[in-house]
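**Q** What follows is the residue order along each chain.
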Amino acid sequence: EAGVAQSPRYKIIEKRQSVAFWCNPISGHATLYWYQQILGQGPKLLIQFQNNGVVDDSQLPKDRFSAERLKGVDSTLKIQPAKLEDSAVYLCASSLDLGGGYYGYTFGSGTRLTVV
Amino acid sequence: SQKIEQNSEALNIQEGKTATLTCNYTNYSPAYLQWYRQDPGRGPVFLLLIRENEKEKRKERLKVTFDTTLKQSLFHITASQPADSATYLCALSNTGNQFYFGTGTSLTVIP
Numbered sequence: 001e002a003g004v005a006q007s008p009r010y011k012i013i014e015k016r017q018s019v020a021f022w023c024n025p026i027s028g029h030a031t032l033y034w035y036q037q038i039l040g041q042g043p044k045l046l047i048q049f050q051n052n053g054v055v056d057d058s059q060l061p062k063d064r065f066s067a068e069r070l071k072g073v074d075s076t077l078k079i080q081p082a083k084l085e086d087s088a089v090y091l092c093a094s095s096l097d098l099g100g101g102y103y104g105y106t107f108g109s110g111t112r113l114t115v116v
Numbered sequence: 117s118q119k120i121e122q123n124s125e126a127l128n129i130q131e132g133k134t135a136t137l138t139c140n141y142t143n144y145s146p147a148y149l150q151w152y153r154q155d156p157g158r159g160p161v162f163l164l165l166i167r168e169n170e171k172e173k174r175k176e177r178l179k180v181t182f183d184t185t186l187k188q189s190l191f192h193i194t195a196s197q198p199a200d201s202a203t204y205l206c207a208l209s210n211t212g213n214q215f216y217f218g219t220g221t222s223l224t225v226i227p
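Residue numbers (the working numbering), protein chains in the order written: chain U, 1 to 116; chain V, 117 to 227.
Hints are supplied without guarantee of correctness; some may be wrong.
Partner residues aside, some chain V positions facing chain U, computed with beta carbon under 7 Å [claimed, not checked]: (1) Tyr144; (2) Pro156; (3) Gly159; (4) Ala199; (5) Gln214; (6) Thr219; (7) Ser222.
Dumping the calculated EDC-like pairs for lysine to aspartate or glutamate here, alpha-carbon to alpha-carbon at most 20 Å [unchecked claim]: (8) Lys44/U / Glu121/V; (9) Lys171/V / Asp183/V; (10) Lys171/V / Asp155/V; (11) Lys44/U / Asp183/V; (12) Lys15/U / Asp74/U; (13) Lys15/U / Asp97/U.
Counterexamples of contact, computed for chain V against chain U with all Cβ distances above 12 Å [stated by the list, open to error]: (14) Ser124; (15) Ile129; (16) Glu131; (17) Gly132; (18) Lys133; (19) Asn143; (20) Ala147; (21) Asp155; (22) Leu163; (23) Glu172; (24) Arg174; (25) Asp183; (26) Lys187; (27) Thr194; (28) Asp200; (29) Thr203.
Worth flagging that the hints you see were computed from the coordinates, not collected in a lab. All C-beta atoms in this analysis are idealised placements derived from N, C-alpha and C, irrespective of residue type, glycine included.
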């Protein structure tokens, strides 16, 4: 089966600019996650979707980050305006079950964002 | 808030030996614990899941233990190979609906 697709792979922007990331999960996976992984750290959950509804966005900095999942399939994550501390890898993951508790998460390769 | 700790120092072992990685947690009572492998420039790959009522789980050369008294999971790779070199992440959940990740341990298997 095809994996989780993410684009772009790399992005360099100046602070205060905006950026958007795209994710296409595995077909049939209802749950989709966006994680932020700063260099040397583990992934940190930003937002979790079940179909096109938000399950948890408590750790999403809503003053600058937004995410949507139209039609319960593809998802986009946007940052506007970007700060230097947003430099990280943004990982998208999907799971067959609600929270990945049985089958685990399938991650994409991520988008490496550098804010200069 | 929950705290998840993995060996912060990189682990180097000789090929053929058993690698043992540790995941400790505090302020948390997870019912589910997962282990992932992450290669440079790639997303984590799911390896194993163990539940709180399971003491041990095996998959090929991998073995995971889950000790809720010690608040610790051990991840073993037997007969290690250079291809096993990667960063290994543990992830915990108390509901199975959302997992929190540790910082990972870098493993290098020396030929």
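**Q** For every hint, state whether the structure bears it out.
**A** Verification of the hints:
| no. | hint | in the structure |
| --- | --- | --- |
| 1 | Tyr144 | violated, 14 Å |
| 2 | Pro156 | violated, 11 Å |
| 3 | Gly159 | holds, 3 Å |
| 4 | Ala199 | violated, 19 Å |
| 5 | Gln214 | holds, 5 Å |
| 6 | Thr219 | holds, 5 Å |
| 7 | Ser222 | violated, 10 Å |
| 8 | Lys44/U / Glu121/V | holds, 14 Å |
| 9 | Lys171/V / Asp183/V | holds, 7 Å |
| 10 | Lys171/V / Asp155/V | violated, 28 Å |
| 11 | Lys44/U / Asp183/V | violated, 24 Å |
| 12 | Lys15/U / Asp74/U | violated, 27 Å |
| 13 | Lys15/U / Asp97/U | violated, 37 Å |
| 14 | Ser124 | violated, 9 Å |
| 15 | Ile129 | holds, 21 Å |
| 16 | Glu131 | holds, 26 Å |
| 17 | Gly132 | holds, 28 Å |
| 18 | Lys133 | holds, 26 Å |
| 19 | Asn143 | holds, 16 Å |
| 20 | Ala147 | violated, 8 Å |
| 21 | Asp155 | violated, 10 Å |
| 22 | Leu163 | violated, 8 Å |
| 23 | Glu172 | holds, 18 Å |
| 24 | Arg174 | holds, 16 Å |
| 25 | Asp183 | holds, 20 Å |
| 26 | Lys187 | holds, 17 Å |
| 27 | Thr194 | holds, 21 Å |
| 28 | Asp200 | holds, 19 Å |
| 29 | Thr203 | violated, 9 Å |
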